[in-house]
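Protein chains: 2
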Amino acid sequence: MPSTVEPFVQKNESRFLDELTDFLRIPSVSTLPEHKDDVARAARFVAGSLKRAGLENVEIISTARHPLIYADWLHAPGKPTVLCYGHYDVQPPDPLDLWTTPPFEPSIRNGNIYARGACDDKGQMFMHIKAAEALRDVHDGRLPVNLKFLIEGEEEVGGESISEYVPKHKDKLKADVALVSDTELFADGVPTLCIGLRGLIYTEIEAHGPARDLHSGMYGGAAPNAVYGLIELLSKAKDANGHIQIPGIYDDVVPPDPAEIESWNRLPFSEEQFLKEEVGSTQLTGEPDQSVFARVWARPTFEVHGIAGGFTGAGAKTVIPATATAKVSMRLVPKQDPQRVLSAFQSWVKANTPRGIRTQIRLLSSGPAISVNPNHPGIQIAARAFSEMLGKPTVFIRSGGSIPIVGEFATHLGIPTVLMGFGLPDDGLHSPNEKYRISNYYQGILTIAHFLDEYGKQQ
Amino acid sequence: MPSTVEPFVQKNESRFLDELTDFLRIPSVSTLPEHKDDVARAARFVAGSLKRAGLENVEIISTARHPLIYADWLHAPGKPTVLCYGHYDVQPPDPLDLWTTPPFEPSIRNGNIYARGACDDKGQMFMHIKAAEALRDVHDGRLPVNLKFLIEGEEEVGGESISEYVPKHKDKLKADVALVSDTELFADGVPTLCIGLRGLIYTEIEAHGPARDLHSGMYGGAAPNAVYGLIELLSKAKDANGHIQIPGIYDDVVPPDPAEIESWNRLPFSEEQFLKEEVGSTQLTGEPDQSVFARVWARPTFEVHGIAGGFTGAGAKTVIPATATAKVSMRLVPKQDPQRVLSAFQSWVKANTPRGIRTQIRLLSSGPAISVNPNHPGIQIAARAFSEMLGKPTVFIRSGGSIPIVGEFATHLGIPTVLMGFGLPDDGLHSPNEKYRISNYYQGILTIAHFLDEYGKQQ
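Protein chains in written order, with our numbering: chain A, 1 to 459; chain B, 1 to 459.
Because the hints were derived from the structure by calculation, they are not lab data. Mixed in with the good hints there might be a few duds.
Same chains, same label: a pair holds when it works inside one copy or across any pair of copies.
Subject to a maximum C-alpha distance of 25 Å in a straight line, what follows is the list of computed SDA-like cross-link-like pairs (lysine to any residue) [as the list claims (entries may be wrong)]:
#: 1; residue 1: Lys276; residue 2: Arg355
#: 2; residue 1: Lys236; residue 2: Gln346
#: 3; residue 1: Lys236; residue 2: His412
#: 4; residue 1: Lys168; residue 2: Thr323
Predicted model, so just to flag it, every value in this text is computed and none were measured.
Take these sequences, add in the hints, and give me the full structure.
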């Protein structure tokens, strides 16, 4: 079944791609202070695009860090209201030397557009705006539903500002369902709705040993080494099977129900292909008694994202380092309370810090895991529309990532989120050479428009 | 007993200090390619100083990396020949932000001169040149012994060039004893000769996990993490008591003999003070069944000098890192064969690399431990001269550091080395705010001159 907007989208393909390309050129890296102005520029770009698409009440909302953007079109009385969410900030692009073309100079190769943020989330959130633009064109300046947009610039840094904004603006944001395109198709061509997301606690640990870097000849054997102390500590977090050793961390972990496991077993999946084509290592790791799906969707993790300490330049320097730092996160699954896990982690660090070493933990962000009820009408209609557009049954999966706003919408607005993403598993999110397939961009615009058309038929 | 050169040195104190200051201004960091020209400039500075001191046959010898400098004065027939060794290269100065004044802008405070290399080894090796200059002045242009100088610019990077040079120039370098000032007084005012040095194997380990950095949400729990893999591996190198777990590593370790232990017990030493004033941590670490002296002088070590991998910028980035690197060394004690220890280490790494991770080891430098015979006449006269100048008995100690050239001299020239250093334990070698006490600089010049005078009385 074709979408009503198909002719319009086809006619405008090259313009839609040019606009996305301009958007991707803006290095809106939210975590790096030197890109603050670029993030602001990206916000203005989004606001301008919303205005040109015919959205009203477009606001750039200043926050303590990076701006939020709000817009709406509320002229469909009696029709449902959809709250579109996305983010215009991106992950840092490093390591830069691994990019084939520069991360902020979008490059088209083999039907893909390569750039930081191409898929996560600029390319995907831009589809919402283009779908609205297309629907207004084919429906004589009207939309089939009421639409609200709330777009943030802090998703990659914990999303504090939107977390503060949502509970204070419940009426303004009132909707029947939220729509987020920040996930992926389970496999190429398979319509996929995500109904579960892991939560996240992200911290930084600093270890201190001697008061200053010491000569390793003169003090080696008797002086504590901050780098080694941190290594010793972190190594105790997991056993050789990847089982986390922090006491109590599995207490609230609920195994997925048998029906869900059964549906996972029907997904097109090759562990061999996952290992070779996606992970690209010699072996998978993790809990051997858990399936790969369970490991990445339904189990908590303990991950070290980065570590730095001592001398790491070219050649040799014989120091006993005074300090070392690591970025450490834990992914959470439904029922795990972030505060409780954080406390358990803090106690564990205290109890396991080696002698002679002092440690400090800083919390950088925190959010619970999310479950979406697959029986909600918005989700059901989305699944049907998705299936109609791609010509296959929609699969319901979870994602191991974290989109904290989905939890905020559930808690404060009482609405579920349609997690309808069009990324592909090899899009390289957070990696060098991130890409988004251009046909998925157009397909996403059509599918979102079709979902909104269909949802608008509900009273 | 005053040294014959005392009046000359006193008269020239400020010039001697100015010259050292000029020397310290040259950032001759041998490990950093961007300082190659500075290293060459330091070599020219040394050659010029030797010429002005009246040394002859001054040569700047090109090598594959940084130049060697040779000079001699051989007009004392029938007298012993002393081979003076030192190095004009320095360690990298980082972390720069911990220096009170910049590392290559020498600053005088509280009777100390602060600069990278002030003590290690520019300040100390320069004493040899100034002692020669002073002796020629007071002995009508002559020296009490034959002197040869061999100065290198690669001590901090493994000293490959001098290692190649020495065995090829045995006749040219023929001497009765070598003299090296690159060690420290055991305590302020205590004449100290070092008769043992640890060896060193310095390596770099690289760990590889996934083919690229992965999104930790989507892959966390199933994909190997290069940083965590390296952490797991390195954590297994020592138990909680600092006992190295590499099979066979203690096989050839010989405990110090009871007489030496007895002499260590008489050294003025407070573990509390060592902990608080030198190490500056909450506790010492290492093997509890070994004394602090044994731990730093007579036991092998396993040290991680630096580690880097993944995201370590400001804020949060949720990646599973593809690669990680660490600088890892082992200090060796007498009888340990570097090649055998390296093989044991390589096998251990292979056996303990976690699944999904690949590791590679690169050897950056290697040298055996050294023992000096305290009964050699050169050592005995040095001990007496030292004692006469400082008014206290000379103590014989070991050092935990490594001066590979001492082993080369023993092996290829068949001579022992007088390790007569004037640094202090808190001089901060290899650390920010490295210093050298100015009165020790003058004292060193007097003592070295006195030793050469006394040694010249031998036939």
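So, going through the hints one by one against the coordinates:
| no. | hint | in the structure |
| --- | --- | --- |
| 1 | Lys276 x Arg355 | between (41 Å within a copy, 15 Å between copies) |
| 2 | Lys236 x Gln346 | both (14 Å within a copy, 23 Å between copies) |
| 3 | Lys236 x His412 | neither (38 Å within a copy, 48 Å between copies) |
| 4 | Lys168 x Thr323 | neither (41 Å within a copy, 43 Å between copies) |
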